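Given only the sequences and the hints, what does the whole structure look like? Please build it.
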Amino acid sequence: MADTYPPQRPDPDALLAQINEDAISATRGKLRIYFGASAGVGKTYAMLTAARKAKLEEVDVVIGVVETHGRSETAALLDGLELLPLRQVQYRDRTLHEFDLDAALSRKPQLLLVDELAHSNIDGSRHPKRWQDIEEVLSAGIDVWTALNVQHLESLNDIVGGITQVRVMETVPDHVFDHADAVVLIDIPADELLKRLKAGKVYFAEQAERAARSFFRKGNLMALREIALRRTADRVEDDVQTYRDAESINKVWKTEAGILACIGPTPNSEQVVRSAARLANQLNVSWHAVYVETPALQRLPAAEREAILSVLKLAEDLQANSAVLANASPAEALVAYTSEHNLSRFVLGTSTRSRGWWISLMFWRNRKSLSEQVGELAPDLDRIHVGRSKDHSTRPLAKLFSGSEGSNTEAQQVTWSSRWMRYVWTLVGCAVTAALCFPISSVVELSNVAMVFLLGVVLIAMRFGRAPAALAAVLNVLAFDFFFVAPRFSFAISDVQYLLTFAIMLVVGLITGNLTAGLRFQARIAANREKRVHTLFNLSRDLSSALQIEQVISASTEVLTRTFGHDVALVLPDSAERLHLPTQQVGQKAIDIDIAQWAFDHETEAGYGTDTLPSSHYRYVLLKAPVRLRGVLAIRPANARWLHIPEQRRYIETFASLIAIALERVHFVQVAQSMLVNVESERLRNSLLAALSHDLRTPLTALVGLTESLTSEKSSADGMHQELADEIRTSALRMHTMVNNLLDMARLQSGEVHLRKDWQSIEEVVGGAIRSLQPILKGRAIEVQLPDDLPLIEIDAVLIERVFANLLENATKYTPDNSPIEVSAAARTDWLTVSVADRGPGLPVRDGTTLFDKFTRGEQESAKPGVGLGLSICRAIVEAHGGKIRASQRDGGGAVFSFDLPATPIASIAGETQSAALVQT
Amino acid sequence: MVGTPASSSPVASGSLVAVMVEDDPQIRRFVRLALEAEGWQVYVAETLRQGLTDCATRKPNLVIADLGLPDGDGVDLVRDVRGWSTVPIIVLSARADEQQKIAALDAGADDYLTKPFGVAELLARVRAHVRRSQQNDEPDNVRFAFGDVQVDLAARTIERSGGSVRLTPIEYRLLTTLISNAGRVVTQRQLLTEVWGPGYVERSHYLRIHMGHLRHKLERDPTQPEHLLTELGVGYRFKV
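Which chain is which? The protein sequence lines are A and B, in order.
My numbering applies: residue 1 is where the first sequence begins, and numbers increase by one.
My numbering applies: residue 1 is where the second sequence begins, and numbers increase by one.
If you're looking for bench data, these hints aren't it; they were derived computationally from the structure.
Computed from a prediction, not measured in an experiment: that's the story for all the values here.
C-beta: ideal position from N, C-alpha, C; glycine also.
Possibly wrong hints are sitting among the right ones.
[Unchecked claim] Just some of the chain B residues that point at chain A, by a computed CB distance under 10 angstroms:
#1 R29
#2 L92
#3 G183
#4 P225
#5 G233
[To be verified] Sample of chain A residues with no beta-carbon within 10 angstroms of chain B, all distances over it, derived:
#6 D100
#7 N121
#8 R419
[As the list claims (entries may be wrong)] Derived coverage of chain A by chain B (criterion: at least 3 residues anywhere in the stretch with Cβ under 8 angstroms from a Cβ of chain B; other residues may be distant):
#9 693-706
#10 766-775
Take a look at the structure:
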C-alpha cells in the first residue's frame, strides 16, 4: 500500500471513519454556559439579550425556564419570546413548578434557554439534577443556553465554601462545564456588584437574606471573581488544546502518568478526592480513586462504610476510575495498583486515628503511616498530603441509601448479635480448654498444659477472628495461672519465673491469633473470588449451550437470582426497538418498562443508584454486545448498598456482557438460519428462471445465427432473400428484447430483489448501456454530459444498465431519427440524479407517473413494437435501490426521464494524479 | 459418440482446429458453418465428457463451450482444459448469468459471448484470440500501439498524438496488465489482485476511479470508450 499512497495523503478508510465521527458530533446540540462569580452579575440578563438577538436572526428560540426574580428590566426581555409552560408537581401538599423536559423534547426548538444549571429537581422527577435534563435535551440535538455561578462547580465547591462560609448543596460536575461548547464569562467588578446590591437590583429569597448579606462582603466577592476568572482561563486553555488536537487527525492521548487518590476512614477523604480531581484536571491526566478494605476496616460500623462509599461515588461523579481492593496491607495493594495503571502521584489524607501502643508493638510496620509505607515500597512515587480543614461544618455528602434504612438496621442487628455471640463462644471455648486440662494436668508436665492453652487460642482465632483471639489469649493466661500454677486456685504465683511464662504465652497467643485471623481473612477473600469465578463460569457454560432466546433468559435469570438473591429480569427489544418483557417472565415482576426503554434509547443505565429516576427499586443495566445493544437487565439486589461498591457493579456488568454476547450469538444464529432459507428459495427461483431463459434464448440464438449464415452465403441469395433473412433476424432480436423484459419482470417480481451492489461509476454504466444498444441505435449519437467529479455510487451495475438501456431505447423509439438524446447526471449531498432527455414529441400523457405502470404504452395500438414493460422494470429496479424515478415534459419540447439514487459517501482516492510520483521522467 | 469432422471436404493439413461443445443442434450448426467458411476444421461435441475427450485428442487451436450442458457445468470444462492447455477458450452464456461468466473467466476462459450472438461478432472474437495466442509464441514486442496512443514498455513511456502522457504508477500498472491480456476479458478480481495485491479484491472502488482516470487520459470520449471497454458486472476488456 505504501507505494500506492504516500504517507502524507490520508488513508481513505481513515477519512471515512472521520466522516462518521463528525456526523455523530454534528447531531448533538451545542451547550453554552453563561458563567459568573456570584448571583447578581447579570447572567440571565445577558443570556436573554443574546436570545433576543438570535430570535431576530430567525433562530427558533424557546425559553424552558428563566428566573427573573421579579426584576422588571429582565422580565421586559421576555417579551416576544416563546415560553414553555412549566410542569406542575404536587409535593407535600404544595404545588411546585419545574422545567418540563418532555414538553421541551416534543417542541424541539433550535435553541432552548434553561436558567440555573445547578438546580436540583424535586423527588420523583426523571433526573435528580437539571444538568442531567439538559444533557438529554442536548442529545436530542437541541442547542441549550444556561447560567451557572462558580460556587456551584463541584470541584470548587469546598474552596468557595471555605472562603464564604456558605456551602451550597446544589452542584454541577466539572465535566459538564468542561465539555460545554462555549462558556461566556459575565464579569463585573466587586464594587459595581455591591452598588447594584445596595440599589436593590439583586434579589434574595426572604429567609436567605441574612446569610446572603454576609456572603456579599467585598473580600468574598473579589476572591470569587478571581476563582471564576481562573476557572474560565483554564477552560480557554483546554479549548486551545482541543483545537490543536482537532487540526491533526491523530489525537494526542493522555500519555502522562495519572493520579491515585486513596480513600480511607479519615475525615478528610472528601477533600482528598476534590484535590485529586482538581489536580488531575490541571495536569490533564486521568485519575483513580481507590479504597483498600482491610480486616480492620471491614469491622467498621455501617455508617462509616457508607460514608466511604459515598466518597467513592463523589469521585466517580468527578470522573475518576474507582476501585475497592481487599488486602490486609493497604500500602502493598496501592503500590501494586499504581504500577498496574501507570499512576505516578499519590494523594492521601492525614489520619487522626492513633493506634493503641500494644498493637503498634506487635505490628511494628504499622507504626509507620500509610504514606511512609508507600514511600518505602515505591520511592519513585510522588506523595501529596491533603490537609484537614479546621471547619468541621463540612457538608455531609448526600445520603446514598435513603431507601434502604429499614433493612440496614436489621442487618446491623444481626451482625451485632453475631458479634456478641462470638465472645460468648470464646468464653465457652476457654472454659472447655481449662476443663480438658484438669484430667491431664496430673499426668503431664505443666509446660504441656500451657501448650494446650495456646492451641485453644489458635482454634478460637481460626473460628472467630482477631478480637476474640486476643480475649482468649488473656483469659487462657489467667486460667492457666489460676487453675494450674502453684499455688492453684489463686492468681498468686510461687515462682517468679512463671511471670515470664505468662508474658510469653500472652505474646505468642496474641501473635498466632492475629496471624491465624489474617489467614482466615485472606481465605475468605479467596473463597469469595472463587465463588464469583465459579458463578461466571457456570453462567458462561450455560449461555454457550443456549440456542434460543428463551434458554438465554432462563439460564441467566436463574444464575443471577441465585447469586444476587433477588428479582432479576431481562427486557428485550422487538423488531421495532420497543422493549417488552419476554412472555416467560410476565406477571411476576414489577418492572417499569418505560424506564428500561429510556435506558435502552439513551444507552445509559437508569433506575436505582443512577442519575435517572433513582427512586425506582430496580437498577436497569445495559446488555451491551459488540455489535449493538441487545436489551436491558433489570435487577433488584438483596442489599441496596451493594450497587454502590464498584467491584460489585463491575461484577454485574460482566454478567450483563456475557448475557448480551449470548443474546447476540443467538440473534445471529437466527439470522443465519433465515438467511439459509432465503438463499435456498432464491437459488430455486434463480435456477427456474435460468432454465426458462436458457430454453427461450437458445432457439432465438439459433434463429439469429442461422439467418446471418443465410445472408453471408452471398452466392445463393439474391436481393429478396437477403431482405427476408434480414427481416427474420430483426424480428428475432425484437423477440429477444421482449423475452428479456418478461424475464426481468418475473425476476423483479418473484420476491425480494437481490442486488449485487458494488461501487460503480455512472460513466461506465452509461457507456455499457450505449454499447449494448449499438444495433438499435444504428449510429445515432447520444450526448453524455457527466461532471468530472461525479462520485462513485453503490449500485447493481447490471440492473442499472437495464434502466439506462430501457430509457435510451424508448428515447430512440419515440423520437425522430435525427433529434438529440442527452444523458446527464448531478450529485447532491445524499442523492445522485441521472436524466435522459430527448427533443421528441414529449410525454403522451399529462401525468408522468402512470407511464411506469405495467403494460402501459404511450400510444395505444401503435405500430411501434413493445408491450409496455420497459418503464415498469426501470421503476422496479430504481425502487429496489431505494431511489425514485419520474418523467416530465422538457422545457422547450421533448421529455425528460430522470431517477435519483441514494449516494453514500466513500473515501475518495481521486487526487492521486496530482501528488504521486510519475512514471514519466 | 466420437466427434467427426463436420465437413466432408478435405481439409488442408496445417489448417486450424476448433472444438465446439454445445447441446443445441441449431447453434452447433450455424457456428460450424461460420467457422468452416473461414477455413477451420470443427469438431463438435454434445456433452461435457465428449467435449473433454475432443479437447484432449484433437489438439485444438480454439475451444467454444456452452456453459449450460446436459451433463455438467461448462465452468468445469474450462478449468479442466486450462489445467493442461493455453488454447483460447470462448464460452457461450445467457445474459443474466454474470456470476457464471465471472466463474468461467476466473477459471481461465478468455472471453464470453452472450446469447443471442451474431456470426460477425463470433468471427471477430475468434480472430482476435487466435491472433493473440499466435503472438504469444513470438518474442515480446516492447512497443505497443492502439488508437492514437503509443506505449513503449521498455522505456515506460506513453505518447498520445505525439505528446507524452503522464501516468501514475497504479495507472501504468493497470494499463500494462490490460495490454498483456489484450482482447481477453479480465475480471475485476483478477485486475485487483494483479495491480493492487490479493488483499484488495473487495476494493472495487479503487479500480473504478483509476480506470476512469486512465480513460480520461487515453480515450477520445471517456463515456464511450473504444479501447478500455467495460464488461459491466464482469470486468474489463482491452481492445486494440
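Open item on the list: Check the structure against each numbered hint from earlier and tell me which ones fail, lowest number first.
Closed with: Hint check: 3 fails alone, others pass.
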